[in-house]
Amino acid sequence: MSNVFIAFQTNEESRCIIDAIIQDNPNATINEQPAMIKIDVPDSLTIKRSTVEEKMGRAFDLQELQIHLITISGHLDESDEEFTLSWKQ
Amino acid sequence: MDMRVKKKLGIKERYTVMTRDLGWETTFQPMDDVFPYDKFEGIKIHDWDKWEDPFRLTMDAYWKYQAEKERKLYAIIDAFNQNNGHLGVTDARYINTLKLFLTGVSPLEYMAHRGFAHTGRQMRGVGPRVACQMQSLDEIRHIQTQIHSISNYNKYYNGFHDFTHMHSRLWYLSVPRSFFDDAITAGPFEYMVAIGFAFEYVLTNLLFVPFVSGAAYNGDMAATTFGFSAQSDEARHMTLGLECIKFMLEQDPDNLPIVQRWIDKWTWRGIRVLMLVGTMMDYMLPKRVMSWKEAWEIYFEQNGGALFNDLARYGIKVPKCAEQAGIDKEHITHQTWAALYQYGAATDFHTWIPNPEELDWLSAKYPNTFDKYYRPRLEHWAEEAKKGNRFYTKTLPQLCQVCQVPMFFTEPDDPTKISYRESDFKEEKYHFCSDPCKEIFDHEPEKYVQAWLPTHQVFQGNCFTEEADPAAPGFDPLAELLKYYHFNNGRDNMDFEGSEDQKNFAAWRNESVKN
Amino acid sequence: MAVVAIEKYEFSPADSQEKFNGNQVLYIGWEDHLMFCAPFAFAFPPTMIFKEILDKVIPDAFGYHPETSKIDWSQAEWFKSGKSWKPDVNKSLVENGLKHKDVLRFKTPGLKGIKGSCS
Amino acid sequence: MQIDLRTVSIKPLRYTFDHIAKRIGADKPASRYLEGTMDIQAVTNFHYRPLWDPKHTIFDTSRTAIKMKDWYALKDPRQFYYGTYTMARARMQEAADSNFDFVEDRGLADKFPAAAAKLALEVLLPLRHLEWGGNMNNMYICAYGYGTAITQPCNYQAMDHLGMAQYITRLGLVLGKDDSLQIAKSAWLDGAMWQELRHYIEDTFVMKDWFELFVANNLVLDGLLYPLVYQHIDKVLDDLGGPAVSLMTQFQSEWFVESVKWVDACIKVSVAESDENKAQLSAWAKAWRDRAIKTLLPLAKHALGTDAESIMESVVGEFNSRAAKLGLVL
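Residue numbers (this note's numbering), protein chains in the order written: chain A, 42 to 130; chain B, 128 to 642; chain C, 552 to 670; chain D, 3 to 332.
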């Protein structure tokens, strides 16, 4: 089993995104570093648009993640509703 | 008026009509003439339509999000400059990491811009071409945001003032320079493996995350912001590199050995360049986030391990050099700093001996190697420097023909022995620092015999200004070399202790705390 | 193996001897003294007498080390491309069979660098 | 302890980088455009020849017949570096977005008369492929051109063409039916009206001299096609069906006005450099203009009917006087 990860710059919007990730990925491990937050999850990590919208209280396009992202690891699959990183098999 | 009942397109379908549907099979000119470069490497592609688009950004979304990033970034740079943010960094030694960055790394961003323009024109499939083009555009962003962030430092500190000139000439900068020259002169698929995969996917986290986190830790918001902001594009680049590997491997089993060889070669080439970053982390950041060894373990051994586990289903193996790199992680930063220190008369940044606390930190982080092999020489140099006998080597070092690093790496099984390797090719002898570098040469000797090796170029008389006359009495080659580099001798180079940077920073900061 | 290129790809080596203004390149490393980070590179006239390396070149290039003055050349062991080798110090480089870009190492028994750390 | 760093007034040691100071003097700060552009491409000490082009160095002035003492004379009057470029485009994108929203919200596409919609789709949709051609050619110049002053804006120009190909596609999705894009692609590949144009652009795909490519695509083809389509044909569509299509092509109209400034600046400076350049650029411009006129005529006739010849004449007339102002002799 391998971890996938994603890292964000720390700011107000990414705080909501991270809350959403924690809610939807119970196995997530949070690792805070200067000015950034890294989240590791075994095998697969999903960011759901609906959860982020709930946390932010506004409409959210998953492509807005671009603004806050620092790095990722894993295969990416992106739809209008979900942004998923995974190691297959 | 007929009622048009149109289906709403999902992100994937929409992206398809917005990109790959734009291309067509040419008939007035043969496709092989329109795309002359994507076959000679031997990579077999049967169906370009099988390419899976990573991040599906259309241009309107790209402009929108990237402009928003730029507005934020430049607002921070402006605020940082207006507030003399440079005086808020931990100590003036930190600024030397930015010199190394601007002269060593930023010009590579530029090369990446041109390199992806090349693949963005030459890949036959529209999907990869669009992704490469966007990366080309991102890469010019990176060099420019770096120049713009560091521009203010150039106004107050030495060593930055002629970075593009230095990048093409300075001895140690031929390491990063030759790395990218090697990549861009390779065929388009090899370039994608070299930069898109090995560098952007396997190694980029080692460059940006620890370094930029380090900048944040040392109070440099401008560098932190350009670093993280650049890294946000990197996420897109990483998916491109990974997709490219998968695509090649899925297209034809014959591609596997070629791709594997490129992964082996470029992982190693990248590791050799990254020793400069590791050295920044271990020696140049006054406040340290993590050691190079720790960063290597997290970002290469763990994350890279996950990646290679995943690629195992295609038959890809962990690069052979990983084993040696795993041994080297305990050594290379100490070896590199020792080299930069003794050639400190010819570096465009300052060097120094770590203070006693810092030496202890290194001992703690490198319990197997630091005290045994490296502390004695550093302490000896510190004592000599105190006596006014600071160590500067004037004799040029032997260089590895491939990575161009001075031959300071040691044998994997004996850290007290320099690792010497050599090959003969067409009556000439060539020297290498390691087995992986020798293998790279042996595979493509016709390429590496062309290398512009700084030591040899000096001997050939190619590194002096036009006015210099090596036949004149009293000709001082080192002084003339520094002129060729455009050094302000005594200001850009030498020890941090006693430097103009050190004095100015202290005076300015002192002024800022008084009324 | 040969390089895979789109067409003929052949260039004369950047560092062949005729480009060194009559000199030849020689690399010299001192075993167990890694305080000098890498072997040094020199461009010497092929007719230079080997002894000059012992008398002038090495004291100059390696002189910063406290053990340099303790070198006993009668005890020193030489290696060329890693193999044991003996110079005739009164003969020239060419007469000693040294070619362009040869690499020499010397070992000085009893001298083990700063605090015996091979530095 | 909080340090108030703002209060310190310190005199800088220098105002800009040496290579910039050499160009503008050392006594003043430089613009972000200059610092991000000038001299940032390597010019010497290349390590290896390209495996894909062993006859040239990585960046090589001999990839074009045009010669410049200083390739950084080809500055961009818009002073675009990445930040100003993306912000400029983001503004245009926002306007385009609200135009598309306006058209869709008001159902203007459905109200657009069928005959006008048919013409708009026939004339505009195949151009998304031509835009893609413009993208490829500008990427070529960006990759193999010399000096960041000219290669950088070509990257922007290439992405603009991709963006415009996507706006045309979007127009097709709004105004057309599910198969409209496919029909237009078939027309591009086989329709008589488009073959000369497709031939033109495919010939530019195999051109080696990047400056000639700049002339053939950016100066000549864009210089004739955009006025024809986005002024004259646009007017016909507007007369036939109202402003819906104009709203959805506003980006292109605005873009052309802006990009002409840059293209003209590059040509003007390189023509003025030497008589040889002037003769070479004039010869290229003349040959490609003559061919472009022929390739565009079927399109003009289809859209403009009996007015086609006179309108083409005026478009060419304007192009000729523009070229004359740049010093070209056609």
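If you are wondering where the hints come from, they were derived from the structure by calculation, not from laboratory data.
Hints are supplied without guarantee of correctness; some may be wrong.
Pairs of lysine-lysine, DSS-like flavour, derived with a Cα cap of 25 Å [to be verified]:
| id | chain 1 | residue 1 | chain 2 | residue 2 |
| --- | --- | --- | --- | --- |
| 1 | D | Lys24 | B | Lys282 |
| 2 | D | Lys296 | D | Lys237 |
| 3 | C | Lys631 | B | Lys553 |
| 4 | B | Lys544 | C | Lys642 |
| 5 | B | Lys177 | D | Lys187 |
| 6 | A | Lys79 | A | Lys129 |
| 7 | B | Lys556 | C | Lys642 |
| 8 | D | Lys263 | D | Lys303 |
| 9 | B | Lys282 | B | Lys610 |
| 10 | C | Lys658 | B | Lys521 |
| 11 | B | Lys544 | C | Lys666 |
| 12 | B | Lys139 | A | Lys129 |
| 13 | A | Lys129 | B | Lys177 |
| 14 | C | Lys602 | B | Lys514 |
| 15 | C | Lys621 | B | Lys499 |
| 16 | D | Lys210 | C | Lys559 |
Derived DEER-like restraints, expressed as beta-carbon distance ranges [as the list claims (entries may be wrong)]:
| id | chain 1 | residue 1 | chain 2 | residue 2 | range |
| --- | --- | --- | --- | --- | --- |
| 17 | D | Ser33 | B | Lys630 | 25 to 35 Å |
| 18 | D | Asp211 | B | Ala206 | 22 to 32 Å |
| 19 | B | Ala202 | D | Asn322 | 27 to 37 Å |
| 20 | C | Gly648 | B | Pro597 | 23 to 33 Å |
A short list of chain B residues far from chain C (calculated; beta carbon distances all over 10 Å) [said to hold, decoys possible]:
| id | residue |
| --- | --- |
| 21 | Tyr164 |
| 22 | Lys177 |
| 23 | Asp487 |
| 24 | Gln577 |
| 25 | Gly601 |
Just so it is clear, the structure is predicted and the values come from calculations on it, not from any experiment.
Heads up, the beta-carbon is just placed ideally off N, CA and C, and yes, glycines get one too.
Results for each hint:
For the proposed pair Lys24 of chain D and Lys282 of chain B, the alpha carbon gap of about 15 Å is at most 25 Å, so the pair holds. Only pairs whose Cα atoms come within 25 Å are accepted, and Lys296 of chain D paired with Lys237 of chain D is accepted, the gap being roughly 22 Å. Of the supplied pair hints, the one linking Lys631 of chain C and Lys553 of chain B holds, its CA atoms being roughly 20 Å apart against a limit of 25 Å. Note on Lys544 of chain B and Lys642 of chain C: the hinted pairing is violated, with a Cα-Cα distance of about 29 Å set against a maximum of 25 Å.
Our distance criterion of 25 Å between C-alpha atoms is met by Lys177 of chain B and Lys187 of chain D, whose separation comes to about 21 Å. A distance of roughly 21 Å separates the Cα atoms of Lys79 of chain A and Lys129 of chain A; the hinted pair therefore holds under the 25 Å criterion. Straight-line distance between C-alpha atoms of Lys556 of chain B and Lys642 of chain C comes to about 23 Å, which keeps the hinted pair within the 25 Å bound. About 29 Å separates the Cα atoms of Lys263 of chain D and Lys303 of chain D, which puts this hinted pair outside 25 Å; it is violated.
For the given pair, Lys282 of chain B sits about 21 Å from Lys610 of chain B by alpha-carbon distance, which is consistent with the 25 Å threshold. Under the criterion of a C-alpha separation no larger than 25 Å, the hint pairing Lys658 of chain C with Lys521 of chain B is consistent with the structure, at around 22 Å. Between the alpha carbons of Lys544 of chain B and Lys666 of chain C the distance comes to roughly 16 Å, so the proposed pair stays at or under 25 Å and holds. Between the alpha carbons of Lys139 of chain B and Lys129 of chain A the distance comes to roughly 20 Å, so the proposed pair stays at or under 25 Å and holds.
As the CA atoms of Lys129 of chain A and Lys177 of chain B are separated by approximately 18 Å, the hinted pair is consistent with the 25 Å bound. Restraint check: the Cα-Cα separation between Lys602 of chain C and Lys514 of chain B comes to about 33 Å, which exceeds 25 Å; the hinted pair is violated. In summary, the hint linking Lys621 of chain C to Lys499 of chain B is supported, as the alpha carbons are separated by about 23 Å, within the 25 Å threshold. Distance check on the hinted pair: Lys210 of chain D and Lys559 of chain C sit about 19 Å apart at the alpha-carbon level, within 25 Å; holds.
Roughly 31 Å separates the CB atoms of Ser33 of chain D and Lys630 of chain B, a value that falls within the hinted 25 to 35 Å. Here the CB-CB span from Asp211 of chain D to Ala206 of chain B is close to 46 Å, at odds with the stated 22 to 32 Å. Taking 27 to 37 Å as the suggested C-beta distance range, the pair Ala202 of chain B and Asn322 of chain D does not conform, at roughly 46 Å. Remark: the range hint 23 to 33 Å for Gly648 of chain C to Pro597 of chain B is upheld by a beta-carbon distance near 29 Å.
A beta-carbon of chain C comes within 10 Å of the beta-carbon of Tyr164 of chain B; the shortest separation is about 7 Å. The Cβ of Lys177 of chain B lies farther than 10 Å from every Cβ of chain C, with a closest approach of about 24 Å, so its non-interface assignment holds. Under the 10 Å C-beta cut-off, the non-interface status given to Asp487 of chain B relative to chain C holds; the minimum distance is some 17 Å. For Gln577 of chain B, the shortest C-beta to C-beta distance to chain C comes to about 5 Å, within the 10 Å cut-off, and the non-interface label is violated.
With a closest Cβ-Cβ approach of about 17 Å to chain C, Gly601 of chain B is found to remain outside the 10 Å limit, as its non-interface label requires.
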